[in-house]
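J.: This is what each chain is made of:
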Amino acid sequence: MDTKILLEARSATKKFGGLTAVNAVDMQINKGDIFGIIGPNGAGKTTFFNMCTGFYTLDKGNIFLEGQDITNQPSDVIAHKGIARTFQNIKLFKYMTVLDNISIGSHINTKTSIIDAVFHTDTYKKDEEYIKETGMEILHQVGLEKYSDSLAGNLPYGVQRKVEIARALAVKPKILLLDEPAAGMNPIETDSLMSFIKMLNSMGYTIALIEHDMKFVMNSCNRIIVLNFGEKIFEGTPEEVKNSVLVQEAYFGKGIAVSRGLSA
Amino acid sequence: MMEINMIKKYLLKYGTAMLLFLLPLIVSKSIMTVVCSIAGYFIIAGALNSINGYSGQMCFGIAGFYCVGAYTMAILMNTFHISFWIALLPSGIMAAFAGMLVALPTLKLRGMFMAMLTIGFSEVMRMICLNWTSVTGGTMGIKGIKAPLFFGIKTSGASRYYYIYLVTALLFIFCTNRVIHSRIGRAWMAIREDDMAARSLGVSINLYKILNFMYGAFWAGIAGALLAPYKTYIDSSYFTLDEGFNILSMVIIGGQGTLAGPMVGVVIYQLLVEGLRFTGVWRYIGCAVLIIAMMWLRPQGMVGDSDSVLAGNKTVRTGSNLLSNLHWKTPGPIRKLIISVLY
Chain A
1 MDTKILLEAR
11 SATKKFGGLT
21 AVNAVDMQIN
31 KGDIFGIIGP
41 NGAGKTTFFN
51 MCTGFYTLDK
61 GNIFLEGQDI
71 TNQPSDVIAH
81 KGIARTFQNI
91 KLFKYMTVLD
101 NISIGSHINT
111 KTSIIDAVFH
121 TDTYKKDEEY
131 IKETGMEILH
141 QVGLEKYSDS
151 LAGNLPYGVQ
161 RKVEIARALA
171 VKPKILLLDE
181 PAAGMNPIET
191 DSLMSFIKML
201 NSMGYTIALI
211 EHDMKFVMNS
221 CNRIIVLNFG
231 EKIFEGTPEE
241 VKNSVLVQEA
251 YFGKGIAVSR
261 GLSA
Chain B
265 MMEINMIKKY
275 LLKYGTAMLL
285 FLLPLIVSKS
295 IMTVVCSIAG
305 YFIIAGALNS
315 INGYSGQMCF
325 GIAGFYCVGA
335 YTMAILMNTF
345 HISFWIALLP
355 SGIMAAFAGM
365 LVALPTLKLR
375 GMFMAMLTIG
385 FSEVMRMICL
395 NWTSVTGGTM
405 GIKGIKAPLF
415 FGIKTSGASR
425 YYYIYLVTAL
435 LFIFCTNRVI
445 HSRIGRAWMA
455 IREDDMAARS
465 LGVSINLYKI
475 LNFMYGAFWA
485 GIAGALLAPY
495 KTYIDSSYFT
505 LDEGFNILSM
515 VIIGGQGTLA
525 GPMVGVVIYQ
535 LLVEGLRFTG
545 VWRYIGCAVL
555 IIAMMWLRPQ
565 GMVGDSDSVL
575 AGNKTVRTGS
585 NLLSNLHWKT
595 PGPIRKLIIS
605 VLY
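Order-wise, the sequence lines are chains A and B. Last residue of the first sequence: number 264 in our numbering, and the count goes up by one each step with no gaps. Last residue of the second sequence: number 607 in our numbering, and the count goes up by one each step with no gaps.
Hints listed in this document are in silico derivations from the structure and should not be mistaken for laboratory results. Since this is a predicted model, take the numbers as computed values, not measurements. Check each hint, because a few of them may be wrong.
Heads up, simulated EDC-like pairs for lysine to aspartate or glutamate below, C-alpha to C-alpha not over 20 angstroms straight-line [as the list claims (entries may be wrong)]:
| # | chain 1 | residue 1 | chain 2 | residue 2 |
| --- | --- | --- | --- | --- |
| 1 | A | K31 | A | E66 |
| 2 | A | K91 | B | D459 |
| 3 | A | K81 | A | D33 |
| 4 | A | K91 | B | D458 |
| 5 | A | K215 | A | E231 |
| 6 | A | K4 | A | E235 |
With the rest of the complex left out, here is chain A (with noise of 0.2 angstroms):
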């Protein structure tokens, strides 16, 4: 395969006992891509997440980042080989500042060790200095620079969703994997969002979300695989999205939504 492939699942499966919570799903996630996957509640997108960053392991197919296996791999690991994530619930350090926050996400670019810290030896002082300038240069970039010194538990939601992905971005990561960035947001926060992603996708990261919000998914991704009950349905462009048929069934049931089409 070529080097275009960053993220691939091949027929991966998760199964929670009797139930198949994520079935042989097929997936080409290409550099430059900014990746939607929908699909109804419960369809397994959230596991699928949690398959490829090595929370759950799979129970059988593989995932491969870039071609090297990274199946079943413990997800530090996998972060070190390039895959950050944000979470469904924000898991932010609530008590740490925003800058704090973000001095962890580069911990895995630096390696002060227990003695470096003890003397404050060269490792350690060029590591403090790559941290808060890594921190100050993120947060420069995503506009929080008003924030580095607030906690984060006391920021509005909005907000809060894009620390967590500055966060995210310290870890100077391959590819992005963004669990509903825009759950719980209002129209104007989706909107400052979607851009805010936009402009991440044109600085050269690789984007994969998982959203509800159809507005935001059709206007911003554009390629989108389509979820429901463990199985990948679709997969396309947005128009082609819209335009399915089987998409539609998955989210309107069948019969007369079928007719009158996918208003969103």
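Please arrange chain B on chain A, whose structure you already have, making use of the hints.
T.: Then chain B, alone, in the frame of chain A:
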């Protein structure tokens, strides 16, 4: 204005240093014994805090590491006739090794389950020391551990041994302060705050939990190693579970997740125990009441880290506005002090 502040700051800094240095000349020998035990507890409570407070693991068996350190020192000095100064580091390393042995099987354990296992470890260590007569002297303990010579000067007795305790305690604070303000400390705190998020950012939580346990155990071992020549005699009764719980209560009362927390706890606890001496064994009830009140009102402890999960979400619920106001206007330590007075 600036200059006055500077002068005040220097006066405070060097005044405290002078006071600490000259303390044995000022106060009586019986008070020095209390001071020595406080200094010893500074180290061990701080060591426990670096486990419980910073990475949020539940270690109840700190006495086990204390025991390993003390016995290693006693055996190295008495059986192998190694100088105190050389034996100090190996004692800490032995304890750190024990810490690793405890940390490995407990990686997946949390909360009470981890507490149970560490309690078990602590008792196992004590039982080994009690029964392995050929090495540890069994119930007879190890006698005649000599206080070391410092360039020919004897350090026996509380007034002199105090300096060894003082320097080690300062060294502990210095090292820990630097470690927690580095990548390592931040990784520990990230694990405490949210281990899933930490993992997603590439923090190897297994490695850092083990490292954290080893770091705490190392200093607990050093504290034990200092105890042996100070008491000149050790047996297993110094390292009972009760001792472990005493240390834990100091950390709980004083506060977890800050450097000052355990120190405050040690002082309060010691003053309470010494002050209530006239009530006999009933004085420990005073401590128990204090712990219960603390867990109820201020789970993070008196000067513990209020901006953390240790506070049991209390600060965010009751005073987030107040907190954030103070956060903008005053620097860290002062804010902490104000908050601790307010709550």
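J.: So, against the hints stated earlier in the document, which numbers end up violated here?
T.: 5
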